[in-house]
Amino acid sequence: MIQVGLKCVGREYDMAVINRHLDAVEPFWLGNGWYSDGEGKPRDYYISSGFHFYSLLYSHFMQDVDPERCLRYRQRAQQFAKDYVYYFTADGEGIPFGRSLTYRFVQVAYWSAVAFTGLDVFTPGIVKGLILRHLDGWLAQPFIGADGLFSIGYSYPNLIMAEDYNSPGSPYWALKAMLILALPEEERILGRPNASPLPELGRTTSSTRGRTNHRPQRGKPPRLDGECRANSIRITSSILSRSMASSPTPANSVSPLNADATA
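Just so you know, we're using UniProt numbering here: the sequence shown kicks off at 1 and counts up by one.
Hints in this document: simulated from the structure, not taken from any laboratory.
Treat the hints loosely; a few may be bogus.
Said to hold, decoys possible - Label-pair ranges, simulated between beta-carbon atoms:
id : residue 1 : residue 2 : range
1  : D164      : D64       : 38 to 46 Å
2  : G169      : G5        : 19 to 27 Å
3  : D120      : N194      : 16 to 24 Å
4  : M15       : E39       : 41 to 49 Å
5  : L22       : I160      : 20 to 28 Å
6  : Q63       : V25       : 15 to 23 Å
7  : A162      : Q63       : 33 to 41 Å
8  : L149      : P199      : 16 to 24 Å
Stated by the list, open to error - Calculated cross-link-like contacts (lysine to aspartate or glutamate; reagent style EDC-like; alpha-carbon spacing at most 16 Å):
id : residue 1 : residue 2
9  : K82       : D120
10 : K41       : D64
11 : K7        : D44
12 : K82       : E200
13 : K7        : E93
For glycine and all other residues, C-beta sits at the position ideal for the given N, C-alpha and C.
All chains should be modelled from the sequences, with the hints used to inform the complete structure.
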């Protein structure tokens, strides 16, 4: 991405360096929209917020010099969307699984990249709804510490959730979801189009022995544009000012993984 940045500002860049690094990633491609985070390694939110996020940015900024690779990346991201939409409830919550859950709303960074690059998946309203309802849900969680900073944890400050590579700044990877703020003002999340609910989803999947899911659970109707708009303004303001204080963790709190899995 450094080389891409140099190209975008009209400075000298090294296409050989770009090719060498991107070629090294190709063995991680599994097909059907999915990568693994290294050969034989896990598939989790790094696939959406890492592989596809940066691939979409590459396809956006390098189309004029590397059209074949850019097309391939966009096609892969389109394939991925067909699966990834199932990872979110009608209310916007993402499935808590895999590593680095302390990055929180990085879970929708992929959808922000979809909006930013104009990738043709679903409708703009559906993509907007996915992002806004997700941010709206995080706003209701006491994950910001008393110092006004993002905490290590998930739904609330919880060092048990820490990975050995986390630092106090790690939770701010969540801000990759704010790529949507780079859109022109009339296309940003606070403007048109209106947020739409999830598309009608229904299929049978059985990737885990003994567990079959016929269709995503639908709970109460999703909150749409009016409430999402107000809450998105608030969460964006909180992120930028880092001034929100968290609520105290309830004494009877359980692990957020267990709580979310139960929900």
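Query raised in the report: Which hint numbers does the structure go against, in order from smallest to largest?
Result: Numbers 4, 5, 8, 10, 11, 13 - these are the hints that the structure violates, sorted from lowest upward.
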